[in-house]
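A.B. asks: The chain contents come next:
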Amino acid sequence: MSVSMSAVAPGAAAPALRIEGLHKSFDDLEVLRGIDLELAEHEVVCLIGSSGSGKSTLLRCINLLEPIDAGRIVIEGDEITARGVDVNRIRRRIGIVFQAFNLFPHMSVLSNVALAPRKVLGLGRAEAEARAMELLERIGLADKAREYPDRLSGGQQQRVAIVRALAMRPDLLLLDEITSALDPELVAEVLNLIRELADGGMTMLIATHEMSFAREIANRVCFLDAGRILETAPPAEMFSAPREERTKQFLQRVIDAGRL
Amino acid sequence: MSISGGPLDPGDLIGLAGSGGPRSRRSRRRVPPGEAVRSTLIALVSTVVFFGLIVVIVTNAPNWPEVQHAFFDGAIFARSLPKLVEAFGTNIALFLIAEVFILALGLVLAVLRGLPGPVFFPVRLLATVYVDLFRAVPGILVIYLLGFGIPGLGIADIPNDVFFWGAVSLVLVYSAYVSEVYRAGIESVHWSQEAAARSLGLSRVQALRYVIVPQAVRRVIPPLLNDFIGLQKDTVLVSVIGLVEIFREGQILKSATFNFTPFVAIALIFVVVTIPLARFTDWLVARERGRQVAGGAR
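Protein chains in written order, with our numbering: chain A, 1 to 260; chain B, 1 to 298.
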């Protein structure tokens with residue numbers, strides 16, 4: 001049951017995502033200080049780093065949920081940070097899943113998944129719900145389609161949030177610490193779904209504290225520190241032989257906490 | 001209090017009688033049956049004594065016979081009641097018609113006040129001035145000014161019906177209040193809900209319409225009902241511009257009989273209509289609170 005959703009053929013040479021010199025401040029606090037990052041089609045990149053290093057802000061900037069102060073973000077050759085772009089059109093191509101799920105509590109699971117395809121893509125109700133149902137079947141939650149989110153476990157809610165993003169058939173999926181709010185025994189079901197997405201070729205940028213998961217799933221791992229990408233390496237290298245002193249310190253803290 | 005769902009059950013009555021605080025729902029279950037019966041008895045006795053005392057004091061007042069005749073005349077009460085109930089139909093019509101427009105206009109105002117960005121500054125300003133103005137001016141003055149002022153202009157094709165201008169005045173005044181209730185509701189929906197909606201490609205307006213406002217409205221139903229109760233009572237203010245509704249009818253009956261009993265009858269009619277609505281509101285508030293506890297942090 002692979003959940004492959006990348007419907008759009010890759011543009012010849014353009015990377016799925018390219019970020020150049022991205023700066024972002026909240027008032028006086030500069031959270032991102034010059035981020036450069038490139039993701040190829042079908043690539044999975046994990047962002048690691050301590051809380052406050054800018055991982056979440058970076059993801060929110062890519063989805064244009066936060067206006068940026070300087071730099072460029074280019075999706076498959078289209079600069080989305082240019083003036084006058086239709087942000088609603090951009091966001092259809094980029095899915096994001098949040099730490100706190102953010103399901104719509106006043107709608108059934110089915111409506112949560114079908115809402116955006118209906119209202120944004122203009123699908124008919126029947127078609128949108130059929131598409132939603134198909135996705136829910138793939139994650140084994142078809143029997144919960146008529147339930148409201150508060151009747152589901154955290155892991156189930158997060159899986160619904162993931163397929164809600166997938167229902168828009170995005171080219172790129174951003175995952176913002178999607179297992180951090182889950183009880184430990186519910187983490188696996190969510191990570192399994194992400195594994196399937198990776199196997200299906202979904203391009204993903206994942207902020208995570210799950211180091212062993214990052215090691216397993218990522219093509220590359222980026223270590224963020226104080227708003228900069230301090231080090232980028234394949235996971236085997238990053239976790240066994242980090243170059244930067246601060247990366248070593250961070251990973252040592254993770255090991256001390258028993259999380260690697 | 002313990003209006004905890006459904007009509008009052010015996011447990012609720014015991015809860016009312018017991019000494020439990022505002023959140024006695026949980027502690028109530030732990031009260032042993034003997035103690036519950038005892039507190040019910042104590043509540044009963046103290047109620048009888050308390051109200052008995054009031055009756056004794058009032059009926060022994062020096063001028064009680066005169067007051068009793070002027071305010072509590074059984075025959076006049078019986079004769080005026082049907083006329084008053086009939087006139088009350090006007091109040092209900094006023095209330096229902098105004099309420100529909102209040103709910104719509106209040107929501108529009110709340111949404112306008114929440115529009116972001118410098119482009120919408122004039123819109124926000126206008127909406128804010130409107131809300132400030134109509135919350136500041138006493139309702140009775142708005143009714144007076146519109147009810148007499150606008151028909152006085154003598155513009156053709158503008159209705160000069162007092163019912164119409166009474167309804168318009170109530171809509172203007174109450175939509176200002178109701179918009180504030182809506183606004184509180186909209187602001188109480190966590191920003192992450194809008195982020196989730198926008199991230200899926202919904203426009204700002206779509207996010208408001210399908211995600212934010214439906215949640216906000218559910219949350220503000222109890223306070224809105226509270227404003228309904230106020231509106232229901234304030235329909236009598238329209239009597240000042242000559243609309244024959246229940247209070248005006250009461251004045252007419254008073255002039256005919258030189259007796260105040262019709263006003264007591266009016267008070268009773270309002271009590272009978274309002275108390276069920278008030279209890280219903282309490283019940284909704286309690287249910288909403290229970291849900292928020294069940295729903296965890298949100």
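If you're looking for bench data, these hints aren't it; they were derived computationally from the structure.
Just so it is clear, CB atoms sit at the ideal spot from N, CA and C, and this is done for glycine as well.
Treat the hints with care, since some could be wrong.
Computed footprint of chain A on chain B, listed as stretches where at least three residues anywhere in the stretch have a Cβ under 8 Å from a Cβ of chain A [unchecked claim]: (1) 200 to 208; (2) 219 to 225.
Each pair of labels, with its calculated beta carbon distance range [said to hold, decoys possible]: (3) B:F120 / A:V85: 51 to 57 Å; (4) B:L126 / A:S51: 40 to 46 Å; (5) A:V254 / B:P214: 37 to 43 Å; (6) A:G201 / B:L115: 39 to 45 Å; (7) B:L284 / A:R246: 51 to 57 Å.
A.B. asks: Hint by hint, note whether the structure agrees.
C.D. replies: We went through each hint and held it up to the structure:
With 5 residues bearing a CB less than 8 Å from a CB of chain A, the segment 200 to 208 of chain B meets the requirement of three and the coverage assertion stands. Note: the segment 219 to 225 of chain B has 0 residues with beta-carbon separation from chain A under 8 Å; the three-residue rule is not met and the coverage is violated. Between F120 (chain B) and V85 (chain A) the Cβ separation comes to about 21 Å, which falls outside the hinted range of 51 to 57 Å. Between L126 (chain B) and S51 (chain A) the CB atoms are about 43 Å apart, so this pair conforms to the stated range of 40 to 46 Å.
Distance hint for V254 (chain A) and P214 (chain B): a CB-CB separation of about 42 Å, consistent with the stated range 37 to 43 Å. Between G201 (chain A) and L115 (chain B) the C-beta distance comes to about 41 Å, which sits within the given range of 39 to 45 Å. At about 55 Å, the beta-carbon gap between L284 (chain B) and R246 (chain A) stays in the expected band of 51 to 57 Å.
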